[in-house]
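Novice: Listed below are the residues making up each chain.
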Amino acid sequence: GNSVTQMEGPVTLSEEAFLTINCTYTATGYPSLFWYVQYPGEGLQLLLKATKADDKGSNKGFEATYRKETTSFHLEKGSVQVSDSAVYFCALSGSNDYKLSFGAGTTVTVRA
Amino acid sequence: EAGVAQSPRYKIIEKRQSVAFWCNPISGHATLYWYQQILGQGPKLLIQFQNNGVVDDSQLPKDRFSAERLKGVDSTLKIQPAKLEDSAVYLCASSLGAGPGVGTDTQYFGPGTRLTVL
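Sequence order for the protein chains is E and R.
Using my numbering, you'd call the opening residue of the first sequence number 1 and step up by one each time.
Using my numbering, you'd call the opening residue of the second sequence number 1 and step up by one each time.
Among these hints, one or two may not hold up.
To be verified - Calculated pairs, BS3-like style, for lysine-lysine (alpha carbon to alpha carbon, straight line, at most 27 Å):
1. Lys44(R) / Lys68(E)
2. Lys56(E) / Lys44(R)
3. Lys78(R) / Lys15(R)
4. Lys68(E) / Lys99(E)
5. Lys99(E) / Lys62(R)
6. Lys83(R) / Lys52(E)
7. Lys78(R) / Lys99(E)
8. Lys44(R) / Lys71(R)
9. Lys99(E) / Lys56(E)
10. Lys99(E) / Lys52(E)
11. Lys68(E) / Lys56(E)
12. Lys60(E) / Lys62(R)
13. Lys83(R) / Lys15(R)
14. Lys78(R) / Lys62(R)
15. Lys15(R) / Lys52(E)
16. Lys62(R) / Lys44(R)
17. Lys44(R) / Lys78(R)
18. Lys99(E) / Lys44(R)
Simulated from the structure, these hints should not be mistaken for laboratory data.
Model the full structure from these sequences, guided by the hints.
Specialist: In structure tokens, the structure reads:
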């Protein structure tokens, strides 16, 4: 079945540091890939997505590229802010399957 | 546009009691999902509705969990009787529920209900 493995946290960074969270997946066919973010006290929000190989999703300074050859979808941001402190989840769904399979989440804390 | 609404936000019960959660999806969204998120883990799908029909309930513990979506809009998730291991956040999500290529369909999540079973 489909599954997602993402980098374990917690991750603590200083403001303006570079952030990368690794995510790899196992799936049949051509899944769609997502990054969701959960800010403290809030619900899950879609951060970005990519629906086919080599697509790059981007939003709020975050980027992730769908790499089919390495089955990866790593999340990156060049300069983090305190407001980026949150839990980040990598997820996938099959091309004909609504079901989202989530990774365990990575807690990121950015210090001023 | 209003988001996905859930209530209550918090619930504390004793084991063997029953509890119910309510979800109102985004207007016009045909597909509704219930997820269970145990502390330190990613959400796990419990049940998925397309309009008022069940599409996938393979991971729903049917001996104690039940869910319905009357009239294809609001939904309730019930646990009876609750166990200690049911302590979790229960998330409701909805999506437009389009045709082919539905894997690209974005799911929008509600704030969740945090259940504590003592």
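Novice: Give a verdict on every hint.
Specialist: Verification of the hints:
1. Between Lys44(R) and Lys68(E), the direct Cα distance comes to roughly 24 Å. Compliance with the 27 Å bound is thereby established for this hinted pair.
2. For the hint linking Lys56(E) to Lys44(R), the alpha-carbon distance of about 26 Å falls within 27 Å, and the restraint holds.
3. Distance hint between Lys78(R) and Lys15(R) is fulfilled; the C-alpha atoms sit about 14 Å from each other, no more than 27 Å.
4. Our distance criterion of 27 Å between C-alpha atoms is met by Lys68(E) and Lys99(E), whose separation comes to about 20 Å.
5. Pair hint Lys99(E) plus Lys62(R) holds up; C-alpha atoms about 19 Å apart against a cutoff of 27 Å.
6. A C-alpha spacing of about 41 Å is found between Lys83(R) and Lys52(E), which places the hinted pair above 27 Å, so the restraint is violated.
7. A threshold of 27 Å between alpha carbons decides the hint, and for Lys78(R) with Lys99(E) the separation of about 21 Å falls inside it, so the pair holds.
8. Our distance criterion of 27 Å between C-alpha atoms is met by Lys44(R) and Lys71(R), whose separation comes to about 25 Å.
9. Taking the CA atoms of Lys99(E) and Lys56(E), the gap is near 22 Å; set against the 27 Å cutoff, the hint holds.
10. About 17 Å separates the Cα atoms of Lys99(E) and Lys52(E), which keeps this hinted pair within 27 Å; it holds.
11. About 12 Å separates the Cα atoms of Lys68(E) and Lys56(E), which keeps this hinted pair within 27 Å; it holds.
12. Using a Cα cut-off of 27 Å, the hinted pair Lys60(E) and Lys62(R) is violated, with the two alpha carbons roughly 41 Å apart.
13. Of the pairs offered as hints, the one joining Lys83(R) and Lys15(R) holds, with about 5 Å between alpha carbons and a cut-off of 27 Å not exceeded.
14. Between the alpha carbons of Lys78(R) and Lys62(R) the distance comes to roughly 10 Å, so the proposed pair stays at or under 27 Å and holds.
15. In summary, the hint linking Lys15(R) to Lys52(E) is not supported, as the alpha carbons are separated by about 45 Å, beyond the 27 Å threshold.
16. Annotation: proposed proximity of Lys62(R) to Lys44(R) holds, straight-line Cα distance about 15 Å (limit 27 Å).
17. In summary, the hint linking Lys44(R) to Lys78(R) is supported, as the alpha carbons are separated by about 16 Å, within the 27 Å threshold.
18. With a C-alpha separation of about 10 Å, the suggested pairing of Lys99(E) with Lys44(R) holds against the 27 Å cut-off.
When the structure is compared with the earlier hints, violations turn up for hints 6, 12, 15 and for no others.
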